Structures are given as C-alpha cells and as structure tokens.
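Q: This is what each chain is made of:
There are 4 protein chains.
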Amino acid sequence: MNKITILIHCNDLPGIVASVTNFIAEKQGNIIYLDQHVDREQNIFFMRLESEFIETSFSTEDFKTTFKEVLADKFKMKWRIYSSKKKPKMALFVSKYDHCLYDLLGRYNSGELNLEIPFIVSNHVDLKPIADNFKIPFHHIPVTKNTKTEAEEKQLQLLESHNIDFIVLARYMQIVSGKLINKYPNKIINIHHSFLPAFVGAKPYHSAYKRGVKIIGATSHYVTEELDAGPIIEQDVAHVSHTYTIDALIAKGRDLEKIVLANAIKLHANRKVMVYNNKTVIFS
Amino acid sequence: MNKITILIHCNDLPGIVASVTNFIAEKQGNIIYLDQHVDREQNIFFMRLESEFIETSFSTEDFKTTFKEVLADKFKMKWRIYSSKKKPKMALFVSKYDHCLYDLLGRYNSGELNLEIPFIVSNHVDLKPIADNFKIPFHHIPVTKNTKTEAEEKQLQLLESHNIDFIVLARYMQIVSGKLINKYPNKIINIHHSFLPAFVGAKPYHSAYKRGVKIIGATSHYVTEELDAGPIIEQDVAHVSHTYTIDALIAKGRDLEKIVLANAIKLHANRKVMVYNNKTVIFS
Amino acid sequence: MNKITILIHCNDLPGIVASVTNFIAEKQGNIIYLDQHVDREQNIFFMRLESEFIETSFSTEDFKTTFKEVLADKFKMKWRIYSSKKKPKMALFVSKYDHCLYDLLGRYNSGELNLEIPFIVSNHVDLKPIADNFKIPFHHIPVTKNTKTEAEEKQLQLLESHNIDFIVLARYMQIVSGKLINKYPNKIINIHHSFLPAFVGAKPYHSAYKRGVKIIGATSHYVTEELDAGPIIEQDVAHVSHTYTIDALIAKGRDLEKIVLANAIKLHANRKVMVYNNKTVIFS
Amino acid sequence: MNKITILIHCNDLPGIVASVTNFIAEKQGNIIYLDQHVDREQNIFFMRLESEFIETSFSTEDFKTTFKEVLADKFKMKWRIYSSKKKPKMALFVSKYDHCLYDLLGRYNSGELNLEIPFIVSNHVDLKPIADNFKIPFHHIPVTKNTKTEAEEKQLQLLESHNIDFIVLARYMQIVSGKLINKYPNKIINIHHSFLPAFVGAKPYHSAYKRGVKIIGATSHYVTEELDAGPIIEQDVAHVSHTYTIDALIAKGRDLEKIVLANAIKLHANRKVMVYNNKTVIFS
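Here the protein sequences line up with chains F, V, Y and W, keeping their order. For the first sequence, the working numbering gives the first residue as 153, with consecutive numbering after it. For the second sequence, the working numbering gives the first residue as 153, with consecutive numbering after it. For the third sequence, the working numbering gives the first residue as 153, with consecutive numbering after it. For the fourth sequence, the working numbering gives the first residue as 153, with consecutive numbering after it.
Among these hints, one or two may not hold up.
Heads up, the list lumps identical chains together, so a pair's fine if it works in one copy or across two of them.
Derived DSS-like pairs: lysine-lysine, alpha-carbon spacing no greater than 27 Å straight-line [as the list claims (entries may be wrong)]:
(1) LYS418 - LYS248
(2) LYS431 - LYS355
(3) LYS226 - LYS179
(4) LYS335 - LYS418
(5) LYS424 - LYS228
Keep in mind that the hints were calculated from the coordinates and are not lab data. Predicted, not measured: the structure shown is a model, and the values here were computed from it.
Kindly produce the complete structure, drawing on both the sequences and the hints.
A: This is the structure we're talking about:
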C-alpha cells in the first residue's frame, strides 16, 4: 500500500471536507485518518488527512498535480502532501550538553523515530565520542564572533548537500541567524529550558530559582527571528519546591527537556504540526 | 443556524467519509467538526461530525429519515443524530457526600454545563438543603434491603416522567440494579474513587493507604452489571506520600472526584463519547 | 492535649536544632512534627515544629515568654508560635466570579478548612445570595475611583473589628492599596489566573491564547506592592490544545484556580508557609 | 568535612528527637538536614538526619559504636548510618530492552547518579555493545529452566565479590528467586510497567489496552517474594486515549519507565527510603 499524508489550510468555506474526501474516493483512496480544525476567530480551516492507495496504480507526483488543479487552486489552499515512503531527514545541532543527544540517539537506535539523521553538527568536539558510538557522522564547525558567517556557510552546505528536511537544536548554544531561519521556516526545532513565555533568554533555571516558582517547565518551539518567541509545539512541566537548589532544578529540568524535545520531533516528523499566525495546530 | 451532531460506528469500508460528507454537502450543510477513528484490530470505523444548516430549510427529523435510507442502511451503521436545540436531561443521584453535588451545581449555576437537571434523587435527606439552595426539586427515595425493588420502581417512574436522557451517580452509595442499567445502557455515569482497575469495590482509599501507593486516582465510567468494570470515560490522578493519612487521602481524592466526574459529564452531554466493546472512543 | 506550632528562621548556626528540641523536652513536650530547611546560598535556617503538651501544666503565653528569653534572643530568631486551640480568621474578598467562592464555601461547610470565615466583602452585590445560602455575613463595599480611600477605610475597620488573621482575594477585581498590604504583610493571598511569571496583569487567558501555549496555569501568591510579583505559595497547570477558544481556556482555568487557591489557603491556615526574600518555604 | 546520614525507626516515645540532636551536638556535629515522620496508626517513629563533622576529629566507626550504646539500644532503634565518603555500588540486571539501560548509563556518565556501577549482568548478549560503549563490564549469564539455580549462583558470586550494595532490575525479564531476595532485602529495585496494583504480572500494556484506561503508569518497587507486591518507591503516569495502539502505549510507557526507575534509584542511593510493613517512607 502507498500511504500519503495531506496537510491543508485555507479560508473556511462550505464544502471543503466533502470536496477533498470525494477527490480521494474518486482516486480509489481509503481514508484512514482525518482531522480538521476551524479557527473561528480568523476563519481559517485546517485539515490533516491520511489515505492509502493501491500500490500499482498510484503515483504521488501525479496525485499532487491533479490535487493542485482540481482542489488547491479552487479553494486557494496552502497544502503539503507527503508520501510515507520517504522518511524526513533531520540534522542534529549540539554543543556540550549531552542529555538530549543520548536520549534522541537512544530512541533513534530503537526505531522509535520515523526519520533519518544523516549527521550531527557541533561547535565543540566534546560530544563526538557519543556520535561515534552511535555511528553517526559528526561535523565540528567551531563558531566564534569572527567566524560566525563562515561557519554558517559550512552548515548550509552540509544541510543542502544532504537534502535535510528539518533541523533540531538539541541544546545548541548558539543563536542561529536569520539567513538559516529563512531557509528553513518552521523547520528548525529548539528546546528551551523553561515554560515559555516565562523566563525567555539565558539561564532560565536561575530566574526560576530567584522567582521561587513551584513548577518548572520546558518548551519546544520553531525558531523565528525573535528570541524564544516562535510557535510552540510542545510543553511540559514538573513540580519543584524550596528544597531545590539551582543544580537540582537543572537536573530535574533535563528530564523535561528530553521528553519535550523528543515529542516535538515526533510530531514534526510525523507531519502532525501546522503553523499559522505564529501558533501551531497539532493533529495528534 | 441549526446545528446537528452525528455519531456513527460501523465496519470500516472505503468511501464512508466521502459518502457522509457528500451527503451533508448535498443537504447544504457546513461541516464545522469532523473526527474519526479506526480500530484497526477490530476493523471498526467511528466518526463524529457537527454540521450547521440554514434554519428555514431544515428539519432534523427529515434529515434523520433520509440519512437512514441513503447512508445508514447501506453501510450498516449504528448511528445517533442530535440537534443542538435540545439539551440533554440529567438526573442526579446522591447519598450523603456533598462535594460532587456542590461542584456540579456550582458549574450548572454558572452555565458551564450544557444540560438540564430536572431533579435530584437521594436515599437520604441530608443533602436536601443544598438542592433547595439551588432550587432543584429533591426526591427522597429511601432504600433498604426490603424496599429496594419498590424504591427502584419509584426511581424509574421519575426518570421516565421527566424524559431523562442520562443519570449521574454523584457518590450515590447504592448499587443500581440490572433493570435500571438495561433501561439506560451506557447512560449511567458513576464516579469511582480510585484509579480503576486498581482498588475495585468499597473503601479504595483504605486499600490505597494499605498498599502504600504514591499516586491516587479517580475514574468516571458507565455503569454495567459487573461492579466498577464499565467503559472508562475519564481518569485523573494526584501524587501523595507517606505523610498522607487515610483522611488526607480522602480529602485529596475529593478534588479528583469532582473534576473527573464533571469532565465525564461534559463529554457525555456534548455527545463526545462512543462506546464499543466495553471501551470508549472520546472525540474531544 | 495542647498542641503548638513553632516557626523559626534565623542565621544558620550549629546547635540550633538541638537547642530547640532540648527546650521542648525540658518543658515535657512531645515533638510530633519537625522539618527544617537551610538556604545554603543565604545561610538561613528555617524550622517548623509541632509539639504536644499535657493540658493542665501548660500555658502558651508562658511558653512564648520563656522561648523568647532562652532561645529566640540567643539565636536572633524571627519566630511565631501558634496554639492549635485558636483557629485563624479569614476574610474573603470577592467581586463577580463565583467559582472560587462556591468551592471555598463548600469546603468550609464540609469541615475541610481549619479556619473561620467571619464575613465576606465584595465591591458588587452579585454574590450576596451565595453568602446568604451559606449563612455568612456579606458586606457590600462599592469601590469607585473617587471612593477608593473611603472604601478601604471601611474594609480596614471590618478587618480589625473581627480580628482577622488573613485575607483571601478570591478573584477580587480591585487592586488593594499599600496601606492594606502593610497592615497584613504576607497575609493577603491572591489567586492569579496564569502560571506566573508568565502573563502578569489583566487578561492572562487572552495572552495565553495569543501566544499559543500548550499548558495553562494558576498561581496563588501573597500580595505585595508590585503587581503579581509576591511570594508564590502554590501553582498548578493543565494541558490545553489549539482547539481551546479563549472561553474554553477560561473554563479549564477555573478548575485550576479553585484548587490552587484552596491549597494555598490550607497551607497558610495550617501555618506551613514561611516567607523569606520574596520566596516561600513550604513545610507540607 | 565529613558528612553522615542517619536513618532510624523505632516505637514513638517522647524525647527521641531531642536525644538524637543532643547527641549530635555533643559530638560537635552540625545538623544540615532533619526530617521525621510518625506513623500514628502503628506508633512508629521514623527519622532521617544528615550531619557534618570536622574531618580531623571524626571517625564514622567510633560514631556508630557510641550511637549504638548511647541511643540505639536505649530506644530499641533499627538504625543505619552511612558516610558520604562511600558511594553505594549498584549491579544492573538487564535482558533485551535497552531504553532504561541507555537512560541510566547516560545519567551515570553525566555524573547525575551518586553511585558506582561495577558491572552489568544479562541473560542475553544483545545489550553488550551498549555496556561496551560505556566501558562497563558485561557478564552474560544465560538463564534456562535447567540452569536457573546454577545461574543464580554465578550472580551471587559476582554480587559478593564486588561488595554490591543494591541491585537494579532494568527490565530484567527473569523472576529472581527467594534466595537472592533474602540476601538483598529491600535492596533489589524493579521497574514494573504499570500503575501497580493495577495490572500485576506480564503484559500490563496489553491489559491496559484491553481495559481501555485513560492513564498508564509505571511503578518502581523493592522486590519481595510476592510478585509485583513489594514496597512502592516511586510511581508516575501519563494520559493516553483511544487512539493509542498497544505499540503506542508501550512507546509512551518507556518514557515513564525510564524516569520512574531513575528517580527510585536516586532516592535509594541517596539513602532517602525507609521500609516498614511493606510500605516506604520517602524523605525527599
């Protein structure tokens, strides 16, 4: 069987669902998943649909062409269609913290993640042994004030030469530039170690300690040019108390960061996230 | 506008979604919500759909008739269609505990619940003052070993004379009989004060204390003839520690019971629950 | 038996615990609870201790006098000693939202709260019927731009004439003045409907909606002159999704507000909260 | 500085806290942590205390001897005293599942765990490469029906020759015998992949799926001779829905298992757990 996933958003009009499901039925597809959402405030319709087609008579490219002609243009849809045959390619950016890296590679190794990791990039060499253990190519691209532009060029070449679909900043401690962000819009996933929008910026655990919060959090979001202000994909929290030192907050937070980032990656890789107006619609 | 909600389940076959959405489109309906689920193990298709129709040209009864002829019979669907014009009627059964009663009536009063409460039934008089405060008729129907059948007859008459749609046992401390259950299948909602299936039966907080669990729970489920074994609608939990006495567990548990029961009632009243094979599909 | 609760904080020095527990032993007290905390960063020692004394031979006032002479002065302690014989008196300030009021009065009625509520104050008359139902005196003190000072005088007179120990703002929609705050330092408990420090100020659910957060929260804190910046007593959160409208966020948030405020009140009334440097130490 | 941790339980009598804290003060110790708990139902007193002593003038062995003579015998205490200088030695038993192993070794590597792992034992060879990557000796001890006794002898020799303090079954798929359990009472930590006491025994995720629960859990407990019935150290849960297949439950559960087991190990290794009457007192 050939499975495709369709993501659509457009102005809400009567008859869209019927038109799309009819189109699938005419092409002999069997709908195995359909979810939709209407943002009533902005009158925007969102839909995610999975459909199976019999192998021999189906071409994803032909389907796309007809879909565009018959439906997308008519309803002025923004749309994406993915074949399940092609796993998304994810580039992993890290610095010195290893907990998210271990967690992701452990999941990757066990087959939990529906994606490929062609390489790991880091501005430090510290985590190379972990990459080696998991037999994933590791590229050391140092970043200094003076070499920032040059380093980014190298990153871009790597990304393009491997046809990378999306980038994960697994506690990568450099700010990525607008150039990279524009090349990969809503395709760079960051993990921020606080419950955003509380504690934007550096050292959120220190700020949480100072404020005396009773709950800490982690947030995974798409990177936009405004710091820590991109569309939120996933958040989770944990209860803490006055007995937690900053180090204890950091240790507790690591567990949140790992799970929140892993969940965000899974949602993205399984094409379950749509972005509109700096917010996400998650069809989970 | 006239809004209807359609719930369907049947064997999974290609073309169901297209057929149903087409049918709606032909009737000039605008689909504002659609969610579906396929139980792959049993090959059962579930769907929930909300659609709006222009007032003047629409009759729910006519729609039902045509729906049955054109779709339901063809696909051998189990189906229900509800008009948003008719709020479900809920009978509230209580005994002596007041926390769920206060909570539900507070929500009812504030307009949070999309339902009507024509009356409250109790086997004790203790909670009558609360019913009076909220100006809801209160029927005292005592239940003893010898009067159980007779009491149930009175309950049934009340339920039928008010066209009750579903029953909520808000810590009602009597076991309801098979006769009542059969008259209201998957329409009697109970709140059990444990994380089922742990601690079935009486005194679950005592059992939780004895076992030394670190988390307690509450479970709302439909009542079936087997005790505490009906389809689960909603569950929630709270962390506890060795410092909790049984009384402290009970106090903590009350907050869970209130929220879990209220959520289950909202899901049911908003027609978001389907039952199949003693499990629920919740379209939330 | 006569039970007292002692709360102490002072610079951390060797021998404090031994000195205090010895003192209790010499007075024939039996320690039934002892918890302590050392803030290593600031070198501050905190202790909470409960002790039982035989009725006939014990006077709380004498105990306090000796405690001060023998221990408190020596270690330069800030200290408070409470007898369990005297329940704290709580004034309840409300405006138009009724959910926290219903919740608190339901708990009060069922004996869950270890305190007295001599009266309810409101700047509106809307919730008077609820106060009447629960037979608690209700004082309507309107607040307008011009009458703010005068209204506050009336509030202060009420508070003083009833020997109120602490004040709870149960969604009271007026900002209390520095004068009131200074009279009741760390004795005015507010419920803020967000996960502070995210979304300080008015309309936090609107801000949460706009930011697209996946979790909402509620925070109970002591009121200080800086808005929503006082010591945090309790926080809790709930998961939400893109399907939540602002109204749905508000409804979901109400459940958080109720529980978080009730828990904060219980902690305060049971003398389990100490404040230092705008943060709380919670001995739960 | 020399830090020791004292754990005590005995019948509750007046003056215990004062006697112990006095004893510490006389020995020139500075108490940096003290928590106690009284089980009122059984009249048992529990205490955990950390104290620092100046290096030169302190011997843990001498302290133990005097403590026994002066205090322990007098109050008939069960007691344990640990020096912070000696990290506990943990043996890791695994089979084929790798998620807990990766998680624990990642934490171990990053210095998060206050313990030593002298070796890993497995009844299969599958996970040897992971042990090799982390440079921890791996012992393959196959277990079959016929070789069970012999295999256990080998395990015991390994454990004894390395002076192992406690054993962790990180999804070890063999039932350990009464002999091993008796040698390591309340020193064998298991992770069970359900919210005990729900779903005791094999295949709990299958049972959870069948029952249609809305929450799944994981439980870490000490191993006793009765299956899955030992004292519970830590539990956690996650919300699930009807959309979860058994495989999805298993994947979601893995994250719970990792965190719950890691937390239980930290509590045990930091001497924060006391066991009485098949329940735990956790001084966290």
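Q: If a hint holds in the structure, say so; if it does not, say that too.
A: These are the hints, each one checked on the structure:
1. LYS418 - LYS248: both (23 Å within a copy, 24 Å between copies)
2. LYS431 - LYS355: Both: 25 Å inside a copy, 19 Å across copies.
3. LYS226 - LYS179: both (18 Å within a copy, 21 Å between copies)
4. LYS335 - LYS418: For LYS335 and LYS418, the Cα distance is within 27 Å only inside one copy (22 Å; across copies 44 Å).
5. LYS424 - LYS228: Close inside one copy (21 Å), not across copies (32 Å); limit 27 Å.
Checked against the numbered hints above, the structure breaks none of them.
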